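Next come the chains, spelled out residue by residue.
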Amino acid sequence: MSNSYTSDILKPFKLKTKQQELLIRVSILCLVYILAFITRLFSVLRYESMIHEFDPYFNYRTTLYLTQHGFYDFWNWFDYESWYPLGRIVGGTLYPGLMVTAALIYRLLHFLRFAVHIREVCVLTAPFFASNTTLVAYFFGKEIWDSGAGLVAAILIAVCPGYISRSVAGSYDNEGVAIFALLFTFYLFVKAVNTGSLAWGLASAFGYFYMVSAWGGYVFIINLIPLYVLVLLITGRYSMRLYVAYNCLYILGMLLAMQIRFVGFQHVQSGEHMAAMGVFFLMQVFYFLDWVKHMLSDTKLFQEFLRITVTCAVAVGGIALGVGMASGYISPWTGRFYSLLDPTYAKDHIPIIASVSEHQPTAWSSFMFDFHILLFLFPAGLYFCFKRLSDATIFIVMYGLTSMYFAGVMVRLILVATPAVCLISAIAVSATVKNLTVLLRSKTKVAQIGSTKGTSSAKASSKASLDQSQPFQKNGAMALLFGAFYLLSRYATHCTWVTSEAYSSPSIVLAARGAHGNRVIFDDYREAYFWLRQNTPLDAKVMSWWDYGYQITAMGNRTVIVDNNTWNNTHIATVGRAMSSYEDEAYEIIRSLDVDYVLVVFGGVTGYSSDDINKFLWMVRIGGGVFPVIKEPDYLVNGEYRVDKGAAPKMLNCLMYKLSYYRFGEMMTEYGKPPGYDRARGVEIGNKDIKLEHLEEAFTTSNWIVRIYKVKPPNNRW
Amino acid sequence: MGKFWVIFVASISILLPFLCNSFSPETPTDRRVLVLLDDFAVKSSHSSYFNSLKLRGFDLDFKLADDPKIALQRYGQYLYDALILFCPSVERFGGSVDVAAIINFVDSGHDLIIAADVNASDLIREVATECGVDFDEDPSAMVIDHTGYAVSETEGDHTLIASDDFIKSDVIIGSKKIEVPVLFQGIGHSLNPVNSLVLKVLSASPSAYSANPLSKLSTPASLTGSAISLVSVVQARNNARILITGSLSMFSNRFFRSGVQKSGSSTKYEKSGNEQFLTELSKWIFHERGHLKAVNVKHHKVVETDEPALYRINDELEYSVEIYEWSGTSWEPYITDDVQVQFYMMSPYILKTLSNDKKGLYSASFKVPDVYGVFQFKVEYQKLGYTSLSLSKQIPVRPYRHNEYERFIPTAYPYYGAAFSTMAGFFIFSFVHLYNK
Numbered sequence: 001m002s003n004s005y006t007s008d009i010l011k012p013f014k015l016k017t018k019q020q021e022l023l024i025r026v027s028i029l030c031l032v033y034i035l036a037f038i039t040r041l042f043s044v045l046r047y048e049s050m051i052h053e054f055d056p057y058f059n060y061r062t063t064l065y066l067t068q069h070g071f072y073d074f075w076n077w078f079d080y081e082s083w084y085p086l087g088r089i090v091g092g093t094l095y096p097g098l099m100v101t102a103a104l105i106y107r108l109l110h111f112l113r114f115a116v117h118i119r120e121v122c123v124l125t126a127p128f129f130a131s132n133t134t135l136v137a138y139f140f141g142k143e144i145w146d147s148g149a150g151l152v153a154a155i156l157i158a159v160c161p162g163y164i165s166r167s168v169a170g171s172y173d174n175e176g177v178a179i180f181a182l183l184f185t186f187y188l189f190v191k192a193v194n195t196g197s198l199a200w201g202l203a204s205a206f207g208y209f210y211m212v213s214a215w216g217g218y219v220f221i222i223n224l225i226p227l228y229v230l231v232l233l234i235t236g237r238y239s240m241r242l243y244v245a246y247n248c249l250y251i252l253g254m255l256l257a258m259q260i261r262f263v264g265f266q267h268v269q270s271g272e273h274m275a276a277m278g279v280f281f282l283m284q285v286f287y288f289l290d291w292v293k294h295m296l297s298d299t300k301l302f303q304e305f306l307r308i309t310v311t312c313a314v315a316v317g318g319i320a321l322g323v324g325m326a327s328g329y330i331s332p333w334t335g336r337f338y339s340l341l342d343p344t345y346a347k348d349h350i351p352i353i354a355s356v357s358e359h360q361p362t363a364w365s366s367f368m369f370d371f372h373i374l375l376f377l378f379p380a381g382l383y384f385c386f387k388r389l390s391d392a393t394i395f396i397v398m399y400g401l402t403s404m405y406f407a408g409v410m411v412r413l414i415l416v417a418t419p420a421v422c423l424i425s426a427i428a429v430s431a432t433v434k435n436l437t438v439l440l441r442s443k444t445k446v447a448q449i450g451s452t453k454g455t456s457s458a459k460a461s462s463k464a465s466l467d468q469s470q471p472f473q474k475n476g477a478m479a480l481l482f483g484a485f486y487l488l489s490r491y492a493t494h495c496t497w498v499t500s501e502a503y504s505s506p507s508i509v510l511a512a513r514g515a516h517g518n519r520v521i522f523d524d525y526r527e528a529y530f531w532l533r534q535n536t537p538l539d540a541k542v543m544s545w546w547d548y549g550y551q552i553t554a555m556g557n558r559t560v561i562v563d564n565n566t567w568n569n570t571h572i573a574t575v576g577r578a579m580s581s582y583e584d585e586a587y588e589i590i591r592s593l594d595v596d597y598v599l600v601v602f603g604g605v606t607g608y609s610s611d612d613i614n615k616f617l618w619m620v621r622i623g624g625g626v627f628p629v630i631k632e633p634d635y636l637v638n639g640e641y642r643v644d645k646g647a648a649p650k651m652l653n654c655l656m657y658k659l660s661y662y663r664f665g666e667m668m669t670e671y672g673k674p675p676g677y678d679r680a681r682g683v684e685i686g687n688k689d690i691k692l693e694h695l696e697e698a699f700t701t702s703n704w705i706v707r708i709y710k711v712k713p714p715n716n717r718w
Numbered sequence: 001m002g003k004f005w006v007i008f009v010a011s012i013s014i015l016l017p018f019l020c021n022s023f024s025p026e027t028p029t030d031r032r033v034l035v036l037l038d039d040f041a042v043k044s045s046h047s048s049y050f051n052s053l054k055l056r057g058f059d060l061d062f063k064l065a066d067d068p069k070i071a072l073q074r075y076g077q078y079l080y081d082a083l084i085l086f087c088p089s090v091e092r093f094g095g096s097v098d099v100a101a102i103i104n105f106v107d108s109g110h111d112l113i114i115a116a117d118v119n120a121s122d123l124i125r126e127v128a129t130e131c132g133v134d135f136d137e138d139p140s141a142m143v144i145d146h147t148g149y150a151v152s153e154t155e156g157d158h159t160l161i162a163s164d165d166f167i168k169s170d171v172i173i174g175s176k177k178i179e180v181p182v183l184f185q186g187i188g189h190s191l192n193p194v195n196s197l198v199l200k201v202l203s204a205s206p207s208a209y210s211a212n213p214l215s216k217l218s219t220p221a222s223l224t225g226s227a228i229s230l231v232s233v234v235q236a237r238n239n240a241r242i243l244i245t246g247s248l249s250m251f252s253n254r255f256f257r258s259g260v261q262k263s264g265s266s267t268k269y270e271k272s273g274n275e276q277f278l279t280e281l282s283k284w285i286f287h288e289r290g291h292l293k294a295v296n297v298k299h300h301k302v303v304e305t306d307e308p309a310l311y312r313i314n315d316e317l318e319y320s321v322e323i324y325e326w327s328g329t330s331w332e333p334y335i336t337d338d339v340q341v342q343f344y345m346m347s348p349y350i351l352k353t354l355s356n357d358k359k360g361l362y363s364a365s366f367k368v369p370d371v372y373g374v375f376q377f378k379v380e381y382q383k384l385g386y387t388s389l390s391l392s393k394q395i396p397v398r399p400y401r402h403n404e405y406e407r408f409i410p411t412a413y414p415y416y417g418a419a420f421s422t423m424a425g426f427f428i429f430s431f432v433h434l435y436n437k
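Residue numbers (full-length UniProt numbering), protein chains in the order written: chain A, 1 to 718; chain B, 1 to 437.
Calculated directly from the structure, the hints in this document are not laboratory data. Worth double-checking, as some hints may not be accurate.
[Unchecked claim] Pairs of lysine-lysine, BS3-like flavour, derived with a Cα cap of 27 Å: (1) Lys378(B) with Lys712(A); (2) Lys393(B) with Lys712(A); (3) Lys393(B) with Lys710(A); (4) Lys712(A) with Lys359(B); (5) Lys293(B) with Lys712(A); (6) Lys383(B) with Lys710(A).
[Claimed, not checked] Restraint ranges, calculated between C-beta atoms of paired labels, are given here: (7) Tyr338(A) with Phe427(B): 40 to 50 Å; (8) Tyr582(A) with Ser266(B): 57 to 67 Å; (9) Gly328(A) with Val371(B): 18 to 28 Å; (10) Phe427(B) with Pro361(A): 31 to 41 Å.
[Claimed, not checked] Computed list of chain B residues with no C-beta within reach of chain A, every gap over 10 Å: (11) Asp107; (12) Glu130; (13) His158; (14) Ile242; (15) Ile335.
Being a predicted model, the structure only gives us computed values, none of them experimental. Don't be surprised by glycine CBs; every beta carbon is placed ideally from N, CA and C.
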């Protein structure tokens, strides 16, 4: 195209077919890149540029610290504003990838003289990385199938709700960059396996390092890849390419991952990482056997040797693992890992994991919601993959199947499955469309256009070839094509609708429809946090359920007892115990923790259902798990959880009930209902005459969503 | 010029008591005292007690309890530093004063003396209940003691008691031992067991009981023995001090001057112990004794002098605090050997007795434990009769930074050796392998 100036004016438009294809491909990718970014901006346009949810507030706070104090202070940060009085070594207990990424983008922008605030960078990090993911998806699709599948994959993943749910603007969470890192690592690894190149292996190790630095989900990689290698070994697809790729990734990736403080020596010491190590050693045995086979000409001798070697290797491995486990050098699997393999495990053993809504098993409807047509394109894609088995398609099949299983166990893991589902579905779409267009074109232009065309060229050619062919076959193909495009357009509509309706609310600002269809905004959380910031002493300690810890420290700038980093179960259980005790017992606990303010979230006035009363049973369970004086049946009536007159007496008088419903008994919430009618639960409360002895109401937000109580000093004369 | 100077000094010295005559943390002794009476006759019948207070510099303001003009505060400022309720029978205070006002007065750090009597009104009982003691519910009950009564000319009903069961605290009742029994005639009270701050200063003997002396005892007395308190004090958490007694006549000139002979004892004293006991007690109540203050809480690393924002684990640090006692006129160093500092995080990690330099400066040095978190320097000094000192200062303790660990550990030298020899070996091997053909 560079010499177009010298040529005829019309000539630049007469590109060769290959150039045309490249131009279309690049422009599609550019459009997809932009689309992926702008479809995630609903929340910014509708509300404002702000951080969403809970965890992102911690990430934002740490990023702010990183940009203000530099990397070494961040690395060594001991945060005494959370987990009072234990404190938290922030630098050693987080995955720094996200913060470092955002800080680097911030530095780069400032170097280029764009004076943006770090908050804007944080808000837009996730959309930016989602755009990058589309590029990776394209290359990955190209690697496992062809460039057409790559393009479709890029488009599908750009708007897939399963991914958008964690990557809208403002959702500044680890997953935002981690999905990019995950897919990138997989892509580089598959590339390394396909080429057998040490350079790609090295690249995949660095991709893995970035993933480890960004998200705890790296455990998925370090287990999936060994599993994949094992499958290849068993199916007799062992090759030198695989050997190079895996060893390079494992050794370098492990060494690099050890540089992350939070991960440390887990790669050699934790049960979750042992599979990778086992496969690594197995790989060496295979290589050794290969070499011996090469050296020995006698097959019988080799069979004998093989048997001895394999027995020895397995025995040595087993003994090493047993000794390691018994001596405690290798830690057992963590609860989270167990709960992945056995979905009922957390419910029985670790209430704190089970209490998080995103750790619940996935409902069928949310699969439909997040995947839409991909859900039935996925099996079709699997079919195509099995039809054309290669190292790369085996990988994507395994990735797809395992991640689909995990997505069924935990809602949040739909996120991990999304890239695989998009890629496999893209194969289905691409292969189908191509088959149909080949059918359409076969009669007219038999040899003109090669078969390496994506949907875009297929779309163009399908129009061109309307004229003459066998009516039945052609029309059938046409109908199917239109059906496919109709479905894809439905998919696009659905994705946009889901993004706009479900995944773009910041959850810190609530919106509801008013009586006249107008939008009502409840900005109570921020109201309460700013009240804390403005009206309480700097060293005041605020006790609340752990969900709100990150927000209180980030926005209220006050010390909290527990927060969303649920590293100390006992501490959380102490708070749960305080909330579920009678007021005077709770007062003792509150005093022993030096608490100055107690914050509860209450939805009875607005009908906001994820408030503390609805979370209360978890507080009881978690508290009771450590302190057996708290018993769940005390709060239930015939196994039923209720807050009205029929509620259990302990329920009606525990601290959480009192703090939530204090002064609520005299309030009219809804026309035609008695005073004290709880709109979140649709009942009239059972204890309307609540007197507080050791606490006093300090602040209640305009819609009563957040209520803050001050802890009184002990009685002066008693 | 010299003459002018003398006048200036003289006028200052006259004005000085008026300029600084209010209660403050710097001069904690009460100056302005409101005395509420049932009857102005009490002013003269109890003049000895009042005079002893006046002599010590107190400014007494006598009012009738139902005087409509009485007020404890004006424009949010308290007009008085202490209140004496010598009005056992008042049913309703005049002006803006009520039970809540009196309790608020105490809760804002002011002192109170309550003297009840037989037929004490519900109002006085209510104030006493708020302070943690309960007078006998029977309005006509009195403390009767058939073995510990004071011998008098008439046989009487043994309601005039000579008691010498004092609290063992030099701070509260003075260091000079009270030799003579104290005369008491009035109602008894019991301490509320829930209240941990109230103290029995003068206790009835084991043979005492509380009943109506005029009627026959039909049911067992509700209050008996040494559970009956005759005089109690409370030191509130904000160090307001309260004196409660069920006998107004204790303070009277008659009791101050009368001789006393305890039944069963042959010694007859010319003068009762009331004056010494109540005067010494009033010194405690009005903060002339046992009032401590702690100032200049400092801590720093051993070699440095500036206070750091946080410590690192295993730092050596020094902690110091100055403690003074108010003598009534000035702050004197408080000297003792039982002040302890805690380095506290949910439980004390370090508990150390502070050493003092005899000038009021207490100090200790210790090593920060090998635990990080938000610690507190805590001094919880609660000694009978003294102001309770409760100091806490928050200080975070951080772990080592990444570059504060030892770079080379001697025990790890074999591993260093192994690593470097492997590197050298690999290099040699590569060299030989590549060029030895």
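Item checked: Pairwise hint evaluation, lysine 712(A) against lysine 378(B), where the allowed Cα distance is 27 Å at most -> 20 Å, holds
Check: Taking only the CA atoms, is the gap from lysine 393(B) to lysine 710(A) under or equal to 27 Å?
Finding: 21 Å, holds
Next item on the list: Could you let me know if the closest chain A CB is still more than 10 Å away from the CB of isoleucine 242(B)?
Entry: Not fine: 8 Å to the nearest Cβ puts isoleucine 242(B) too close to chain A.
Next item on the list: Take a quick look at isoleucine 335(B) and tell me if its Cβ sits farther than 10 Å from every Cβ on chain A, holds or violated.
Entry: Holds, since 29 Å exceeds 10 Å.
Item checked: Distance restraint between lysine 393(B) and lysine 712(A), which requires alpha-carbon spacing of 27 Å or less -> Distance of about 19 Å is within 27 Å: holds.
Check: Within a Cα-Cα threshold of 27 Å, do lysine 712(A) and lysine 359(B) meet the stated pairing?
Finding: 37 Å, violated
Note to self: Between the beta carbons of tyrosine 338(A) and phenylalanine 427(B), is the distance compatible with 40 to 50 Å?
What the structure shows: 46 Å, holds
Notebook entry, point to check: Taking C-beta pairs only, is histidine 158(B) more than 10 Å away from all of chain A?
Noted result: Correct as stated: the minimum Cβ-Cβ distance to chain A is 34 Å, above 10 Å.
Note to self: I want to verify a distance hint. Is the separation of the beta carbons of phenylalanine 427(B) and proline 361(A) within 31 to 41 Å?
What the structure shows: 55 Å, violated
Item checked: 27 Å limit on alpha-carbon distance, applied to hinted pair lysine 293(B) and lysine 712(A) -> 24 Å, holds
Item checked: 57 to 67 Å as the expected CB spacing between serine 266(B) and tyrosine 582(A), which holds or is violated -> 59 Å, holds
Check: Quick one, are lysine 383(B) and lysine 710(A) close enough, alpha carbons at most 27 Å?
Finding: 30 Å, violated
The structure shown violates the earlier hints numbered 4, 6, 10, 11, 12, 14.
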